[in-house]
Amino acid sequence: MDTATEFGRLIGPLRRAVLRTRRAAELPDLPEAQIELLRALAEAGPLSPRQAAHRLRLAPSTISNLVRTMTAAGLVERKPSATDLRTVHLIATPTALEMLHTYDRTSTAALHRALANLAPDNREAIERALPALGELLTALEADS
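Going by the numbering used here, the first residue of the sequence shown is number 18, and it counts up by one from there.
Mixed in with the good hints, there may be bad ones.
Stated by the list, open to error - Per label pair, the in silico range of CB-to-CB distance:
| # | residue 1 | residue 2 | range |
| --- | --- | --- | --- |
| 1 | 28 | 71 | 18 to 26 Å |
| 2 | 108 | 131 | 32 to 40 Å |
| 3 | 22 | 108 | 35 to 43 Å |
| 4 | 61 | 149 | 24 to 32 Å |
| 5 | 129 | 151 | 32 to 40 Å |
| 6 | 104 | 56 | 36 to 44 Å |
| 7 | 160 | 136 | 27 to 35 Å |
By construction, these hints were calculated from the structure, which means they are not laboratory data. Bear in mind that the values here come from a model prediction, so they are computed numbers and not experimental data. In this text, a Cβ means the ideal position worked out from N, Cα and C, and glycines have one as well.
Full structure from sequences and hints, please.
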(Lines of atoms letter the chains of each structure in order from A; the text may use other names.)
(Lines give C-alpha, C1' and ligand atoms only; values in the text may rest on other atoms or scores of the structure.)
Protein backbone atom coordinates (compact mmCIF):
# COMPACT_ATOMS: atom_id res chain seq x y z
CA MET A 18 0.00 0.00 0.00
CA ASP A 19 1.27 3.44 -0.92
CA THR A 20 0.65 5.65 2.14
CA ALA A 21 0.43 8.93 0.21
CA THR A 22 -2.12 7.53 -2.26
CA GLU A 23 -4.26 5.91 0.42
CA PHE A 24 -4.15 8.98 2.67
CA GLY A 25 -5.02 11.24 -0.25
CA ARG A 26 -8.05 9.07 -1.05
CA LEU A 27 -9.29 9.32 2.56
CA ILE A 28 -8.92 13.07 3.12
CA GLY A 29 -11.86 14.18 0.95
CA PRO A 30 -14.36 11.61 2.23
CA LEU A 31 -13.34 12.29 5.85
CA ARG A 32 -13.81 16.05 5.38
CA ARG A 33 -17.17 15.54 3.69
CA ALA A 34 -18.31 13.19 6.48
CA VAL A 35 -17.55 15.88 9.06
CA LEU A 36 -19.35 18.48 6.94
CA ARG A 37 -22.41 16.23 6.77
CA THR A 38 -22.63 16.32 10.56
CA ARG A 39 -23.12 20.08 10.33
CA ARG A 40 -25.87 19.67 7.77
CA ALA A 41 -27.57 16.98 9.87
CA ALA A 42 -27.66 19.50 12.73
CA GLU A 43 -29.36 21.94 10.32
CA LEU A 44 -26.55 24.47 10.56
CA PRO A 45 -26.07 26.97 7.73
CA ASP A 46 -23.94 25.53 4.95
CA LEU A 47 -20.88 27.77 4.91
CA PRO A 48 -18.07 27.02 2.47
CA GLU A 49 -14.92 25.75 4.15
CA ALA A 50 -13.00 28.89 3.07
CA GLN A 51 -15.46 31.07 5.01
CA ILE A 52 -15.09 28.85 8.07
CA GLU A 53 -11.30 29.11 7.80
CA LEU A 54 -11.48 32.91 7.64
CA LEU A 55 -13.82 33.03 10.64
CA ARG A 56 -11.49 30.71 12.55
CA ALA A 57 -8.50 32.94 11.73
CA LEU A 58 -10.39 36.04 12.90
CA ALA A 59 -11.53 34.26 16.08
CA GLU A 60 -7.97 33.13 16.89
CA ALA A 61 -5.98 36.21 15.85
CA GLY A 62 -8.50 38.97 16.40
CA PRO A 63 -8.90 41.71 13.83
CA LEU A 64 -6.80 41.20 10.71
CA SER A 65 -6.26 43.31 7.64
CA PRO A 66 -7.28 41.62 4.39
CA ARG A 67 -3.58 41.29 3.54
CA GLN A 68 -2.85 39.61 6.88
CA ALA A 69 -5.81 37.25 6.40
CA ALA A 70 -4.61 36.32 2.91
CA HIS A 71 -1.11 35.62 4.21
CA ARG A 72 -2.34 33.63 7.21
CA LEU A 73 -4.68 31.47 5.10
CA ARG A 74 -2.32 31.26 2.13
CA LEU A 75 -4.99 32.63 -0.19
CA ALA A 76 -4.81 35.22 -2.94
CA PRO A 77 -5.85 38.73 -1.87
CA SER A 78 -8.61 38.62 -4.49
CA THR A 79 -10.00 35.45 -2.87
CA ILE A 80 -10.06 37.18 0.52
CA SER A 81 -11.76 40.17 -1.08
CA ASN A 82 -14.49 37.95 -2.52
CA LEU A 83 -14.93 36.09 0.77
CA VAL A 84 -15.18 39.35 2.71
CA ARG A 85 -17.71 40.78 0.28
CA THR A 86 -19.95 37.72 0.63
CA MET A 87 -19.48 37.42 4.36
CA THR A 88 -20.09 41.12 5.01
CA ALA A 89 -23.37 40.91 3.09
CA ALA A 90 -24.33 37.88 5.21
CA GLY A 91 -23.53 39.68 8.46
CA LEU A 92 -20.60 37.43 9.35
CA VAL A 93 -17.70 39.88 8.98
CA GLU A 94 -17.39 43.59 9.66
CA ARG A 95 -14.90 45.92 8.04
CA LYS A 96 -13.56 48.49 10.53
CA PRO A 97 -11.31 51.36 9.44
CA SER A 98 -7.91 51.38 11.12
CA ALA A 99 -7.50 54.03 13.81
CA THR A 100 -3.94 54.74 12.62
CA ASP A 101 -4.22 54.44 8.83
CA LEU A 102 -7.47 55.41 7.14
CA ARG A 103 -6.46 53.49 4.00
CA THR A 104 -6.48 50.22 5.95
CA VAL A 105 -9.43 48.22 7.23
CA HIS A 106 -9.50 45.42 9.75
CA LEU A 107 -11.76 42.41 9.44
CA ILE A 108 -13.72 41.38 12.51
CA ALA A 109 -15.94 38.33 12.93
CA THR A 110 -19.40 39.34 14.15
CA PRO A 111 -20.84 37.86 17.35
CA THR A 112 -23.29 35.89 15.16
CA ALA A 113 -20.38 34.43 13.18
CA LEU A 114 -18.44 33.53 16.31
CA GLU A 115 -21.47 31.76 17.79
CA MET A 116 -22.00 29.90 14.49
CA LEU A 117 -18.34 28.86 14.45
CA HIS A 118 -18.61 27.63 18.04
CA THR A 119 -21.72 25.62 17.13
CA TYR A 120 -20.00 24.14 14.04
CA ASP A 121 -17.00 23.09 16.12
CA ARG A 122 -19.13 21.68 18.94
CA THR A 123 -21.24 19.68 16.44
CA SER A 124 -18.23 18.34 14.54
CA THR A 125 -16.37 17.48 17.73
CA ALA A 126 -19.37 15.60 19.13
CA ALA A 127 -19.71 13.60 15.90
CA LEU A 128 -16.00 12.76 15.94
CA HIS A 129 -16.20 11.70 19.61
CA ARG A 130 -19.07 9.34 18.75
CA ALA A 131 -17.25 7.89 15.75
CA LEU A 132 -13.99 7.43 17.68
CA ALA A 133 -15.88 5.72 20.50
CA ASN A 134 -17.13 3.14 17.98
CA LEU A 135 -13.61 2.20 16.87
CA ALA A 136 -11.63 -0.66 18.29
CA PRO A 137 -9.39 0.65 21.11
CA ASP A 138 -6.23 -0.11 19.13
CA ASN A 139 -7.45 1.94 16.17
CA ARG A 140 -8.54 4.83 18.40
CA GLU A 141 -5.10 4.84 20.03
CA ALA A 142 -3.41 4.71 16.62
CA ILE A 143 -5.32 7.84 15.57
CA GLU A 144 -4.37 9.59 18.82
CA ARG A 145 -0.70 8.70 18.29
CA ALA A 146 -0.87 9.92 14.68
CA LEU A 147 -2.09 13.43 15.53
CA PRO A 148 1.39 14.95 16.04
CA ALA A 149 2.56 13.38 12.79
CA LEU A 150 -0.47 14.78 10.96
CA GLY A 151 0.34 18.24 12.31
CA GLU A 152 3.90 17.84 11.04
CA LEU A 153 2.58 16.66 7.67
CA LEU A 154 0.43 19.79 7.40
CA THR A 155 3.46 21.96 8.16
CA ALA A 156 5.49 20.13 5.52
CA LEU A 157 2.75 20.50 2.91
CA GLU A 158 2.38 24.21 3.64
CA ALA A 159 6.13 24.71 3.40
CA ASP A 160 6.17 22.85 0.09
CA SER A 161 3.54 25.15 -1.42
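Flag every earlier hint the structure violates by its number, smallest first.
Hints 5, 6 are the ones this structure does not satisfy, whereas the remaining hints hold.
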